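> Chains as they are written, first to last, in our numbering: chain A, 8 to 253; chain B, -10 to 507.
The hints are simulated quantities; they were obtained by calculation from the structure and are not laboratory data.
Keep in mind that a hint or two might mislead.
As the list claims (entries may be wrong) - Within a straight-line C-alpha distance of at most 20 Å, the following computed EDC-like cross-link-like pairs (lysine to aspartate or glutamate) qualify:
hint: 1; chain 1: A; residue 1: Lys250; chain 2: A; residue 2: Asp103
hint: 2; chain 1: B; residue 1: Lys416; chain 2: A; residue 2: Asp19
hint: 3; chain 1: A; residue 1: Lys147; chain 2: A; residue 2: Glu163
hint: 4; chain 1: A; residue 1: Lys45; chain 2: A; residue 2: Glu62
hint: 5; chain 1: A; residue 1: Lys31; chain 2: B; residue 2: Glu151
hint: 6; chain 1: B; residue 1: Lys137; chain 2: B; residue 2: Asp471
hint: 7; chain 1: B; residue 1: Lys473; chain 2: A; residue 2: Glu141
hint: 8; chain 1: A; residue 1: Lys132; chain 2: B; residue 2: Asp292
hint: 9; chain 1: B; residue 1: Lys462; chain 2: B; residue 2: Glu450
hint: 10; chain 1: A; residue 1: Lys132; chain 2: B; residue 2: Asp330
hint: 11; chain 1: B; residue 1: Lys319; chain 2: B; residue 2: Asp124
hint: 12; chain 1: A; residue 1: Lys132; chain 2: B; residue 2: Asp471
hint: 13; chain 1: B; residue 1: Lys480; chain 2: A; residue 2: Glu163
hint: 14; chain 1: A; residue 1: Lys181; chain 2: B; residue 2: Asp124
Keep in mind that this is a model prediction, so the values were computed, not measured.
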Amino acid sequence: MKIKPYGDTSNDGKVQLSFTLPIKIGALGMEAAKQLGKQMGLIDPSVVSMEAIGENFSFYIVYGSVTHQIDLSLLKVAEITTPTFDKEAVEKLIADHFDRDLVFIGASTGTDAHTVGIDAIMNMKGYAGHYGLERYAGIKAYNLGSQVPNEVFIREAKRLHADVLLISQTVTQKDVHLKNMVELVELLEAEHMRNDVILVCGGARISHELAKELGYDAGFGPGKFAEDVASFAVLELIRKKNKTKK
Amino acid sequence: MNKLNLDQNMIQDSRRLAKQIAIDVQKFIDQHTTVTVERTVCRLLGIDGVDSFDVPIPNLLVDDVQNNGDLSRGIALTIASALQATGKNLPDFISAYLLGTVKLCGHPYVSCDQVRQILDPYMQVTFAKIKENRDTRDAFLLAYPQPKTEIYVIVATGNIYEDIVQAKAAATAGADIIAVIRSTAQSLLDYVPYGITTEGFGGTYATQANFKLMRAALDEVSKTEKRYIKLVNYASGLCMPEIAAMAAIERLDVLLNDSMYGIIFRDINMQRTFVDQYFSRRINAYSGVVINTGEDNYLTTSDAFTQAHTVLASQFINEQFAYCAGLPSKLMGLGHAFEIDPEIENSFLYEIAQAQMCREIFPQAPLKYMPPTKHITGNIFRAYEQNALFNIATTMTDQSIHLLGMMTEAIHTPFLSDRYLAIQNAKMIKKSMKSFSDEVSYRPDGLICNRAKDVLRQAHELLEEIAQMSLFKALEQGVFADIKRSFTGGKGLTGVLEKHPDYQNPVLDYIEGVSHEN
Ligand code: B12
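In isolation and in its complexed conformation, chain A is listed as follows (with noise of 0.2 Å):
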């Protein structure tokens, strides 16, 4: 199927779009604002408004028609596929399948200050309503805090023989973000660890594609709860018991 954005009729492609171009408000600034707009594949591209902004810099919202379509048919999308169960069943899977606590730890690693996405999944309390995996019977949760260096987390994630490792990161301007988790996994793989532990991570802008893409094995944005890491996380534990079983 292909599709096209909606505005108030079936396949108009109506979208509207904002922007500062750096050049004084005037006719110039228009025409450019409208060049634009035809050049990111707009048909009839309409400057509504166009606002000074200091003396060099002026602000359009244009709205247009897009020429562009989307055949659904081709898309793949990275997606967790695994289900998410609540407390009580991931509770009851753990009881199920393993004879001893699992034990998670979780930090917002490297210089990121951000603690409430972690204390969100880990506290106690939890977060909109969500219990957070303190609570969780069968769960060791430890929650390190904020600002923890890659190779302090990993120190404790030995010294716990931790099962799951769960990374927030809030900063991403500049991609900081990106070089400190590749960096985790580096040394993970250095330390021989990678392959004991499940490993992922969390935050505003982590989505599960980029996850993967960094060598994580799961990766929740906003929206996502202790439920769904616990229900990821067991059920990998699971699989993974199951296939060195055989």
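Starting from the structure of chain A, add chain B with the ligand where the hints point.
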């Protein structure tokens, strides 16, 4: 102003408790110094620059004394003794020191009077410069009187030259105050980076050279716009007093300068932060810099509805620490925020209650009111609506420093257009509602008055608890922002020293002694 009919006795008693809490900590402060306090002494003596490995000279000197001398006596004693023994003036001594031809430590100590005598000429040069800056600022403010509510926006490109372009555009669009956000993790550096910088993450490095460039640029727009555009940076982290000194020298106008932010949000050791904040605030009092406190941040980690009283309790404490450091009320930009989940019914009324309460309890303070951030999502249109509500609350309750919310808060540091649209939003509300606050009063038994009463009562209770156990213990228990910090944990503790009975700090003595007609 008394629209909420708040219990004045309870307010007074809260101040009494907060004072007791602060004085208790102040005793500890007075007995200690830190490496950054000593580096600040160097800076105020006029020592600046870096060696061939980019190590700031104040760090070289302080580290040297810590390793080879006795820093607990204060670096001033060591420097004065070295000058006496070598017969050199300070600049010549530093040049020789960098060449390795003279030593800093190991000279016979001069007397207390001699320390003052030898160093006084150097520090008077710096203090004259700071005094001149105050006069320049006062002249600007006389020529261009400031509005009741000032519009504050941030720039954070990482590149100071790019920041300047954006700051000028924002000022032209209507901003009164420009803050240059610092690069991620600068607060954990135990030195201040040097020189002009063009690379930073999530912000731009706070360096003296960057301060100078931005100040000059804003002076230019101030003149064309006929409004004095204020400049803000962060005296927080491991170098609080050093940043305050640099800001004083380069005429910054506002500094983020909380007594506990570093402890709670950056895991900096509490002994370290308490000692550092004191000296930094002393400098701010001397240079006439408005401090901004960070209570708004509590509401990003703990619930803004249930924990509103922690903000008020902390404001009372911050106020007393500021008094201890000689800051008058008019330089205390106490922080608070519009962070209640908008999904809560009547959340806007509760926001009004809290903002108005804050205004009434601290009538002289240039309150810093922060926009919604935590409940902003990627839906920029919803965010614009939330920011409009916040702007209305600001106008209705006469806040002083109005930190504008960005519709892209959940996405990136602001684009040029984000800032522009935010300023348009604020300006329209400010204009269309100009006299609104003079027109409204609140029902004495209504939701708003009752909410304010509750928050005050809870804050008072919390202050009683903290006074009983001491602030150190309270921080260990995580009373603020739900974050627990231990007395000996966190970063920077090795930089804290108990003062020797003969500790010398002529710079601090001088600013403690001078009382400006603030
Ligand atoms: C609160 C906050 C702060 C607080 C943090 C307090 C704390 N202890 O956490 C304070 C004030 C300290 C702060 C500081 C800074 N911040 Co900030 N901050 C925010 C804010 C307002 C909210 C973030 C938040 O708590 N969201 C709520 C949580 C629950 O959401 P979440 O993290 O996405 O988590 C959910 C999912 O993503 C997932 N998840 C998250 N982690 C993980 C991990 C795993 C394993 C899993 C499974 C799931 C998962 O689960 C959670 C629940 O669903 C955002 C703006 C915004 N509205 O998003 C800016 C924001 C994140 N901050 C930003 C910046 C730049 C900074 C600073 C660098 C500014 C500076 N220059 O000083 C500093 C950070 C310094 C440093 N060293 O990191 C930028 C980041 C821009 C970018 N994309 O890079 C933002 C977007 C604001 C902005 N527009 O500029 N910040």
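> What hints, given by number in increasing order, does this structure fail?
2, 4, 6 and 14
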